[in-house]
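**Q** Letter by letter, the chains look like this.
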Amino acid sequence: MKSIRKYFIVLRISLQNAFVYRSNAIGGLLFYTLFIFVFFNLWRAIYQGGEVAGYTLAQMVWYLCITELIVFGCKTGVFNQMNEDVKSGSIAYQLNRPYSYILYQFSNALGSMVFNLLLYGALAIVLGLAIVGPIPGFRLSILPLGLFSAALGMIINFFLMMTLGLTAFRLEENTAFFWIYQKLVFMLGMFIPLEFLPGWLQNIALCLPFSYVAWAPARLIVAFRWDLFRQVVPMQLLWAAVSVILSAGMYRYGVRGIQAHGG
Amino acid sequence: MRNGCQQLRFCTEMGGWGMSAIEVRNLNKQYRARVKEEGLRASFRALVRPSYQEIQAVKDISFTVERGEILAFIGPNGAGKSTTIKMLTGILHPTSGEISVLGLDPVKQRKKLSYHIGTVFGQKSQLWFHLPPTDSFTLLGAIYDMDQATLKKRVEELTGMFELGDLLKTPVRKLSLGQRIRCEVAASLLHSPDILFLDEPTIGLDVVVKHKIRELILRMNREQGTTIFLTSHDTGDVEQVCRRAIVIDHGVIILDQPVKKLKYDYLNRKIIAVRFDAEQRLRVPEGVVLEKAGKMGARLSVDTRICPIDEAMRWIISQGGVADLTVEDPPMEEIISTIFTGRPAAG
Chain V
-14 MKSIRKYFIV
-4 LRISLQNAFV
6 YRSNAIGGLL
16 FYTLFIFVFF
26 NLWRAIYQGG
36 EVAGYTLAQM
46 VWYLCITELI
56 VFGCKTGVFN
66 QMNEDVKSGS
76 IAYQLNRPYS
86 YILYQFSNAL
96 GSMVFNLLLY
106 GALAIVLGLA
116 IVGPIPGFRL
126 SILPLGLFSA
136 ALGMIINFFL
146 MMTLGLTAFR
156 LEENTAFFWI
166 YQKLVFMLGM
176 FIPLEFLPGW
186 LQNIALCLPF
196 SYVAWAPARL
206 IVAFRWDLFR
216 QVVPMQLLWA
226 AVSVILSAGM
236 YRYGVRGIQA
246 HGG
Chain S
10 MRNGCQQLRF
20 CTEMGGWGMS
30 AIEVRNLNKQ
40 YRARVKEEGL
50 RASFRALVRP
60 SYQEIQAVKD
70 ISFTVERGEI
80 LAFIGPNGAG
90 KSTTIKMLTG
100 ILHPTSGEIS
110 VLGLDPVKQR
120 KKLSYHIGTV
130 FGQKSQLWFH
140 LPPTDSFTLL
150 GAIYDMDQAT
160 LKKRVEELTG
170 MFELGDLLKT
180 PVRKLSLGQR
190 IRCEVAASLL
200 HSPDILFLDE
210 PTIGLDVVVK
220 HKIRELILRM
230 NREQGTTIFL
240 TSHDTGDVEQ
250 VCRRAIVIDH
260 GVIILDQPVK
270 KLKYDYLNRK
280 IIAVRFDAEQ
290 RLRVPEGVVL
300 EKAGKMGARL
310 SVDTRICPID
320 EAMRWIISQG
330 GVADLTVEDP
340 PMEEIISTIF
350 TGRPAAG
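Line by line, the protein sequences are chains V and S.
Residue numbering for the first sequence is -14 to 248, as defined by the working numbering.
Residue numbering for the second sequence is 10 to 356, as defined by the working numbering.
No lab work stands behind these hints: they were computed from the structure.
Hints may contain errors.
In silico BS3-like pairs for lysine-lysine, Cα to Cα no more than 27 Å straight-line [claimed, not checked]:
#, chain 1, residue 1, chain 2, residue 2
1, S, Lys121, S, Lys161
2, V, Lys72, S, Lys162
3, S, Lys120, V, Lys72
4, V, Lys72, S, Lys117
5, S, Lys178, S, Lys162
6, S, Lys304, S, Lys269
7, V, Lys72, S, Lys183
According to the in silico footprint, chain V covers these stretches of chain S (three or more CB under 8 Å from chain V) [what the hints assert, rightly or not]:
#, region
8, 143 to 150
9, 211 to 221
10, 286 to 297
11, 313 to 326
All values derive from a computational prediction rather than experimental measurement.
No residue lacks a Cβ here, since even glycine has one placed at the ideal position from N, Cα and C.
Isolated chain V, as found in the complex (with noise of 0.2 Å):
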């Protein structure tokens, strides 16, 4: 389909865009490797053997390494890119080009998604295996499992980073969302595994799509269940769609504002 092919294009280049400037990521895959190692630490010190809420340290090695990947390997620049959009002026740009703003914005993330999530895996795998040894309980056939569910985690902290920087559209300071949502992130789920957390706030989190980017994928990998998945994954699509539709729908609303109010 004639359409759909630009969206393709627009996503090679963008992944041969991270190729070319893959000196940038040493940066991030040092700071990737010290929170990993700073924390193991932390935990081995807290552990002294044995299990927390149903994690051992292997396990919870394991996990800061996964839900790591997903917020801080694969994030996307797209907040930024949504404030710079507006404040450069671009934006009357890109109103006029015959495509899909927000596919466009998505096609061009996953370029650089794509190839965080294969350098920045390799990584982690290595630093796992390295620190606590494999897996406990590790099959090959939990990979794929894992990886759907990683891949839809970081859609929906993508559509929903998409949806808070659209917010660039109507107003002129928007950075506390992007804080806020971070934090949220972070505390349930990117940080501790949610089974760390008192019942109520767990019941919560639920809810809420934050402890679906990390959390879900992370618990996956390293203590898979049917039943888990049969839970989690439902949540996280639906929470996939919902963030999908929500940024559409912010999109259109920052649209009218701009063709009211000028950018």
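We have chain V; now place chain S onto it with these hints.
**A** Okay, now just chain S, sitting in the frame of chain V:
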């Protein structure tokens, strides 16, 4: 959307389908702008109850542009030029009035229209910053659903015309402003649009590059019949490129004339620069003003309503020993500022 009856009337009025490139009728644009007064107290007040001011950017303007025309839309800052161009390209909704670009409504048929128009916004870039222009061209080609063969040919054509050869593979961030603008204009023409909208395209460029860009725009119009709609602050753009000028100030059109007529009507003045081969003390006749006098030369301003140009020339030559003589039109800036200040053409 107009109904069938109205469309037919519009069509007959205009003398047929698709005759004009742009049709604007009674266009208005008002918007609210936040007003923030000075002082700490006012800032607090503004937080709780922001106050707004109604700004009328464009007031009831109407004009028509035919296909193949080169039109300048000129005016001082804040006159409503950018607002108008944004409405023509569908970025802004008009408050009231009708716009038809290539027979399409820019707001309701924005995507469809975008296939047929190209835009260059002077201070903004449409090229991907970290990529070489060739990648931007590929992306744009895909976005406009161009097939590989057509795109390749088009890129070759534009590369030759705009002399982009070496620049194509250099990341845009490494290009100079002049080089970048050449690529920007080329990019806007990739999909062979019927109309090219340029909003302050030569801003910040040096004289040589400006000249080059103007030449290229003229060439596009000549060779491919592209309608050009240009807004500018730079009267050189108007003088060298455009055949017709619409002057807008405070949202209202004050003038809509061919550029030649503009100059003729608005300033009945000629500038004569003369150099003598001996010292001269000049006693100027009526209608001639000595603007600048050196030992052996002078710059004279002639009000041709009082002293016709041939009389002035005769007088100068009668002074004897004329080594060099040039007769010029007054600079465009003067003409424009005369229009704006509403001063009658003075000598």
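**Q** It remains to establish, for every hint, whether it holds in the given structure.
**A** Now the hints, each set against the structure:
With a C-alpha separation of about 23 Å, the suggested pairing of Lys121 of chain S with Lys161 of chain S holds against the 27 Å cut-off. A distance of roughly 35 Å separates the Cα atoms of Lys72 of chain V and Lys162 of chain S; the hinted pair therefore is violated under the 27 Å criterion. Taken as a hint, the Lys120 of chain S and Lys72 of chain V pair is honoured in the structure, with Cα atoms around 23 Å apart against an allowance of 27 Å. Our distance criterion of 27 Å between C-alpha atoms is met by Lys72 of chain V and Lys117 of chain S, whose separation comes to about 25 Å.
Of the supplied pair hints, the one linking Lys178 of chain S and Lys162 of chain S holds, its CA atoms being roughly 17 Å apart against a limit of 27 Å. A hinted pair counts as satisfied when its Cα atoms are at most 27 Å apart, and Lys304 of chain S with Lys269 of chain S does not qualify at roughly 35 Å. With a C-alpha separation of about 22 Å, the suggested pairing of Lys72 of chain V with Lys183 of chain S holds against the 27 Å cut-off. Counting residues of the region 143 to 150 of chain S whose beta carbon lies closer than 8 Å to any beta carbon of chain V gives 3, which reaches the threshold of three, so the coverage claim holds.
Only residues whose C-beta sits within less than 8 Å of a C-beta in chain V count toward coverage, and the region 211 to 221 of chain S has 0 of them, not enough to reach three; the restraint is violated. A stretch counts as covered by a chain when three or more of its residues have a beta carbon under 8 Å from one of that chain; for the region 286 to 297 of chain S and chain V the count is 0, and the coverage is violated. Only residues whose C-beta sits within less than 8 Å of a C-beta in chain V count toward coverage, and the region 313 to 326 of chain S has 0 of them, not enough to reach three; the restraint is violated.
Checked against the numbered hints above, the structure breaks hints 2, 6, 9, 10 and 11 and satisfies the rest.
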